[in-house]
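All chains should be modelled from the sequences, with the hints used to inform the complete structure.
There are 2 protein chains.
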Amino acid sequence: MKQMQKQIKLAKRPVGVPTIADFDFSKAPIKAPADDELLIRAVYISVDPYLRGRMQDTKSYVAPFKLDEVITSGMIGQVVESKSDRFSKGDVIIGNLGWKEYVVASEKAVQKIDPDLAPVTAHLSIIGMTGLTAYFGLLDIGQPKEGETVVVSGAAGAVGSTVGQIAKIKGTRVVGIAGTKAKCDYLLNELGFDAAINYKEEDVPSALETACPNGIDVYYDNVGGEISDAVFPLLNKFARIPVCGSISSYNNVKPDMGPRVQSALIKTSALMQGFTLGDYSERLQEGRTALATWLNEGRLKYEETITEGFDHILDAFLDLFKGANLGKQLVKVADFEK
Amino acid sequence: MKQMQKQIKLAKRPVGVPTIADFDFSKAPIKAPADDELLIRAVYISVDPYLRGRMQDTKSYVAPFKLDEVITSGMIGQVVESKSDRFSKGDVIIGNLGWKEYVVASEKAVQKIDPDLAPVTAHLSIIGMTGLTAYFGLLDIGQPKEGETVVVSGAAGAVGSTVGQIAKIKGTRVVGIAGTKAKCDYLLNELGFDAAINYKEEDVPSALETACPNGIDVYYDNVGGEISDAVFPLLNKFARIPVCGSISSYNNVKPDMGPRVQSALIKTSALMQGFTLGDYSERLQEGRTALATWLNEGRLKYEETITEGFDHILDAFLDLFKGANLGKQLVKVADFEK
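Residue numbers (this note's numbering), protein chains in the order written: chain C, 64 to 401; chain V, 64 to 401.
Honestly, the hints are just simulated from the structure, not real lab data. In this text, a Cβ means the ideal position worked out from N, Cα and C, and glycines have one as well. Just so you know, not all the hints are guaranteed correct.
Calculated cross-link-like contacts (lysine to any residue; reagent style SDA-like; alpha-carbon spacing at most 20 Å) [to be verified]: (1) Lys300(V) / Gly278(V); (2) Lys300(C) / Asp203(V); (3) Lys263(C) / Leu251(C); (4) Lys300(V) / Gln119(C); (5) Lys300(V) / Arg117(C); (6) Lys317(V) / Pro322(C); (7) Lys300(C) / Glu345(V); (8) Lys300(C) / Thr368(V); (9) Lys300(V) / Glu345(C); (10) Lys233(C) / Gly210(C); (11) Lys300(V) / Arg346(C); (12) Lys171(C) / Gly210(C); (13) Lys175(V) / Glu144(V); (14) Lys69(V) / Leu130(V); (15) Lys231(V) / Gln206(V); (16) Lys317(C) / Pro296(V); (17) Lys300(C) / Pro296(V); (18) Lys171(V) / Gly341(V); (19) Lys364(C) / Gly350(C).
Reference listing, derived: stretches of chain V covered by chain C, where coverage requires no fewer than 3 residues with Cβ under 8 Å from a Cβ of chain C [unchecked claim]: (20) 283 to 289; (21) 309 to 318.
Which stretches of chain V does chain C cover? Using the computed rule of at least three CB atoms under 8 Å from a CB of chain C, they are [what the hints assert, rightly or not]: (22) 179 to 189; (23) 322 to 329.
Structure (structure tokens):
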């Protein structure tokens, strides 16, 4: 075992788009686990748009990262040394853990995963945080009904692509908005979306009007900004808008200005609700079971963009804001050992 | 009986703030009722901010007024001549009827009201449309819980003043936003609000922060615009925003621009829902009974601003946009006859 390891801390709070200079790469000794703790080798690290929010020192649904502390996110790892009765060396675990090559965690902070249920990385995407975020936002807030029209932005991302597929399972017309022709082709040809709009090439308001001849009943919002502005004039009576993300504004320095939504909401009696997966912490098993069932029935597909190497974690994170990833963005930092 | 009567039609669609020139005052013969119809003498005519929306030719929750047709709104009148078995001469009725001194209406278009239940004009306000709008928006969407903080804008208006009083009945801390010192004094001294903010004199963001030390759980929005913008940074987790009106924008010619709300909704998992009273058409009796009970128990107060004379209907309507009225704005156009 190596005695020293790499780690990544938040060095300063980013202003606008984060840069490498906002982070501190360093080395630190590998700690030994105490009683009821595990030493874990990081294998897959999840990078997600919401982490940008935690780098800001503002009130939000999760506490901000502290300066000069190791950043944490979803991770799949393997137990190297266990001081817990509940885990053994070699177990594959998932948890919200620090960006280090070797992490010491309490036995309460991680869960064992069954590598036979689905490919392990699926636990960080389609049957993990992003799949569950799609599931609860769409079904609990969006409540799509057969024959309705569902629009999803960030449609080729890990959340959006799952939203669209669940909406298809529910018998709706699904329109995805994404940022490249390749992504739009993927939505149409691989995932069975009914229409796809390339927001970088098309005029979104008129493209939406064409793609939604019967108006919009559900808008699953991953992006905010001008793309979302274009949805409001097309809402049907009693439309529902789960507001999941606002990636277009995460790096804004100035206030994010746009047309106020109140009049559109009154005209249509529409509902708009923000949420995070934490709101559904009591119901995760329900969602995981449904997603795993659909996955094993072949009704859900998912893509991953896997970047290799601990040194490329930040590249992978920063690429999220350029729309480079198709599906879930992960970083593979080690191999599993037999 | 007079043979000719006054009436008011929409002459053209207002651009910005409506003016007298947008309307057509004329005279027309009084019609005779056909079978199952009534001839009604207008007594009280309701003027309401939402009528501005109907003067616009845009998709909304009710069809726009047609040009060169008589404008309609809530009216209390008295039956002058009945060709219906269900109504007799002298009955006091309520309905959505034209701005004429004498209206012919189907027996299906009006309801008899019991003048002994409450003062007749209460049927156009506290136990009528505005009271019911307050009731359903606050209780069905806002769902205030004891000890929470409820903020209401347009607080001295017919809807807002009822919202605040129902919120007090439900055991919440109530903060009203209104536009004059007299209105604020009325909220504090007559209606028992816990705090009142004069948006024309005070800095609303900082005044709200002072008035809401525990944040905001429910924001009943009657106005939209900058006043509503100031609420979003103070929302608590799982806050609810019934969006009832947006009077600040009704006369806007340019798009109504402001800070986008998506990030604030995500941070707090807040819900924002537009609605109109029509959404609750199946439940009106429930609301009317509750409101009448509270009224008769002395737990609800209401104010009216009554303008006299058919010729002043438009003055009364236009004054709404200047914030001149306290409570429900009505126009008395005739006396009841014994």
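Evaluation of the provided hints:
For the hint linking Lys300(V) to Gly278(V), the alpha-carbon distance of about 9 Å falls within 20 Å, and the restraint holds. Proposed proximity of Lys300(C) and Asp203(V) is supported: the alpha carbons are some 18 Å apart, at most 20 Å. For the hint pairing Lys263(C) with Leu251(C), the CA-to-CA distance comes to about 17 Å; that is within 20 Å, so the pair holds. For the suggested pair Lys300(V) and Gln119(C), the alpha carbons sit about 18 Å apart, so the restraint of at most 20 Å is met.
Proximity of Lys300(V) to Arg117(C) is assessed by CA-CA distance (about 17 Å); at most 20 Å being required, the pair is judged to hold. The straight-line distance between the Cα atoms of Lys317(V) and Pro322(C) is roughly 10 Å, inside the 20 Å bound, and the hint therefore holds. With a C-alpha separation of about 17 Å, the suggested pair Lys300(C) and Glu345(V) falls inside the 20 Å cut-off, and the hint holds. A hinted pair counts as satisfied when its Cα atoms are at most 20 Å apart, and Lys300(C) with Thr368(V) does not qualify at roughly 34 Å.
Straight-line distance between C-alpha atoms of Lys300(V) and Glu345(C) comes to about 17 Å, which keeps the hinted pair within the 20 Å bound. Pair hint Lys233(C) plus Gly210(C) holds up; C-alpha atoms about 9 Å apart against a cutoff of 20 Å. With a CA separation close to 19 Å, the supplied pair Lys300(V) and Arg346(C) stays within the 20 Å bound. With a C-alpha separation of about 44 Å, the suggested pairing of Lys171(C) with Gly210(C) is violated against the 20 Å cut-off.
Between the alpha carbons of Lys175(V) and Glu144(V) the distance comes to roughly 14 Å, so the proposed pair stays at or under 20 Å and holds. Restraint check: the Cα-Cα separation between Lys69(V) and Leu130(V) comes to about 17 Å, which is no more than 20 Å; the hinted pair holds. Among the hinted pairs, Lys231(V) with Gln206(V) is consistent with the structure: their alpha-carbon atoms are about 13 Å apart, no more than 20 Å. As the CA atoms of Lys317(C) and Pro296(V) are separated by approximately 15 Å, the hinted pair is consistent with the 20 Å bound.
Pair hint Lys300(C) plus Pro296(V) does not hold up; C-alpha atoms about 28 Å apart against a cutoff of 20 Å. Restraint check for Lys171(V) and Gly341(V): the C-alpha separation of about 17 Å stays at or below 20 Å, so the hint holds. At roughly 16 Å between alpha-carbon atoms, Lys364(C) and Gly350(C) fall within 20 Å of each other, so this suggested pair holds. With a threshold of 8 Å between beta carbons, the proposed coverage of the stretch 283 to 289 of chain V by chain C holds, since 3 of its residues qualify and at least three are required.
With a cut-off of 8 Å between beta carbons, the stretch 309 to 318 of chain V has 3 residues touching chain C; three or more are needed, and the interface restraint holds. Residue count for the stretch 179 to 189 of chain V with a Cβ under 8 Å from a Cβ of chain C: 0. That is fewer than the three needed, and the coverage hint is violated. Residues of the stretch 322 to 329 of chain V with a Cβ under 8 Å from some Cβ of chain C number 8, which satisfies the need for three, so the listed coverage holds.
Against the hints set out earlier in the document, violations occur for numbers 8, 12, 17 and 22.
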